[in-house]
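Can you build the whole structure from these sequences, using the hints too?
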Amino acid sequence: MAMQFYTSPEQIMRDRAEYARKNISRGRNVVALSCADGVLFVAENVSSALHKLYELYDRIGFAAVGRYNEFENLRTAGVRMADLRGYSYDRRDVNAASLAKAYAQTLGAIFSEQTKPFEVEICVAGVGTSPQDDELYRLTFDGSINDEPGYLAMGGQADQLFGVLEEGHDFDAPLVDSFALALRALSNDGNGSQRELTTDVLEVAVLERSRPGRSFRRIQGLALETLMSSAESSNESGSSDEESDSGGSGS
Amino acid sequence: MTGEGFPGKLPNAFMTAGTSSFSEFLTQAAPELLPGRRPLPPGEHAEISAHATTIVSLKSAEGIVMAGDRRATMGNYISSRDIEKVFAADGYSLIGIAGTAGIGIELVKLYQLELEHYEKIEGSSLTLDGKANRLATMLRGNLGIALQGLAVVPLFGGFDNDAEDLSRAGRIFSFDVVGGVYEERDFDSIGSGSIFAKSSLKKRYRRGLETDEAVKIAVEALYDAADDDSATGGPDPTRDLYPVVMTATAEGTERVDEERVAETARELVASRSEQPYG
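Chain order of the listed sequences is A and B. My numbering applies: residue 1126 is where the first sequence begins, and numbers increase by one. My numbering applies: residue 172 is where the second sequence begins, and numbers increase by one.
Accuracy of the hints is not assured; some may be wrong.
The following residues of chain A were derived to be distant from chain B, with all beta-carbon distances above 12 Å [unchecked claim]: (1) 1128; (2) 1133; (3) 1139; (4) 1148; (5) 1206; (6) 1218; (7) 1260; (8) 1333; (9) 1343; (10) 1346; (11) 1358; (12) 1359; (13) 1362.
According to the in silico footprint, chain A covers these stretches of chain B (three or more CB under 8 Å from chain A) [unchecked claim]: (14) 178-186; (15) 197-205; (16) 316-327.
Simulated from the structure, these hints should not be mistaken for lab results. Please read these numbers as outputs of a predicted model, since none were measured by experiment. Using N, Cα and C, we set each Cβ at its ideal position, and we do this for glycine too.
Structural data, given as structure tokens:
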């Protein structure tokens, strides 16, 4: 008979968490932030077919990092859950909080009961009538649920991204300025220097506050090019302001 | 919501891969929400629910026009004067229903969600043929209750974004209770007044009609149906109720402005006052 080795529960959980965390940290980043025009999602994604940003319901969006098959599984479950609820009650009875809670329970159950946790981090965002009413929930592999204050970042460099977002976030900023901020955050490589991000590695979507019914809209193609060029000019003017403020020579 | 296997997790039906259909998901997760899955006592039950009546649809140069009268009946009793029976199924297609009103409206709601659900899961919408076939599948599930007198027959049509040219983009599909799908060449009508509506369309219809013109003859066909069928409602100026008319064109689906439909109906009544047989 094979020898049974004792492993403490702490050790098992620690190993699982470390396993999930390590794999998630290899993923590219996603940023979600609420602004005057709605909730903006920006992801670094080289594929134009395998998305990271999705619509769940009329006013609710979904963003994820990590293993594609696992978050796709969760996303599909979310769409089904939202549609089932909207069908049996009313469309207005579907809200981000209940979806986030169901996700938290599912992720938590998978984390504690199965040998391998889901290597994902997901965001459920709901757009409200004003930017302060927006709901942003970040859910981690172990089922923890965080209600974020207007902005969030997920992926390998999430901590550094949080710093940039915290500094620049403004609820009442227009979409272009928020996109510029998201770009600044995503292109920050952690050593203080900036990477160049182009439109073909970006996936952008927005839950439009003013749009009735299904508010999720992807910003791609020409619309993304336009947004990118106006965001770049706003970033440049922003940074030159800082230089003049700090008494630099300027250009 | 508890899961099979261990508590807290969503049920397996939610996490299953492979289907993009909401009604297929419902058969697993909540079959009681499907109209065809509710057991009925044996017998004929046609008299327990209101009946929705006449719908007409015809092709125009830009797409299709679909119109429905506003009446629902229970035997010789008018159970509703303002029921709406024509709906946008999604951004480019329309659906109208005749038969058992309650189940018809439930079917439309389920069908609209079916199309939206597919769009969200797949990231692209079904082709127009795919949508028509999906509707047929859903009807097949209702065959049992249809045979017990609770039949629903839809009329479906829309703007086909994959069409080779604009003249072929407007398409209309009719169905029967067993789930047969029949593509119509020019126009079709369903419901109790459909015989009269079709006869009217037969005399008035021409290929390549402008949408405005098509709206006019759709309203006229419903007028003729109401003239001879007691279950079809005609224009009702005392309550300001006129047919629901919708269009599906390259710009998407749209409900024709009610005031415009009222104006069309008033003109029609005026011209019929002079010439009762059109």
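For each hint, the structure was consulted:
no. : hint    : in the structure
1   : 1128    : 28 Å, holds
2   : 1133    : 21 Å, holds
3   : 1139    : 21 Å, holds
4   : 1148    : 20 Å, holds
5   : 1206    : 6 Å, violated
6   : 1218    : 14 Å, holds
7   : 1260    : 19 Å, holds
8   : 1333    : 16 Å, holds
9   : 1343    : 9 Å, violated
10  : 1346    : 15 Å, holds
11  : 1358    : 32 Å, holds
12  : 1359    : 30 Å, holds
13  : 1362    : 36 Å, holds
14  : 178-186 : holds (count 7)
15  : 197-205 : holds (count 4)
16  : 316-327 : violated (count 0)
When held up to the earlier numbered hints, the structure conflicts with 5, 9 and 16 and fits the remainder.
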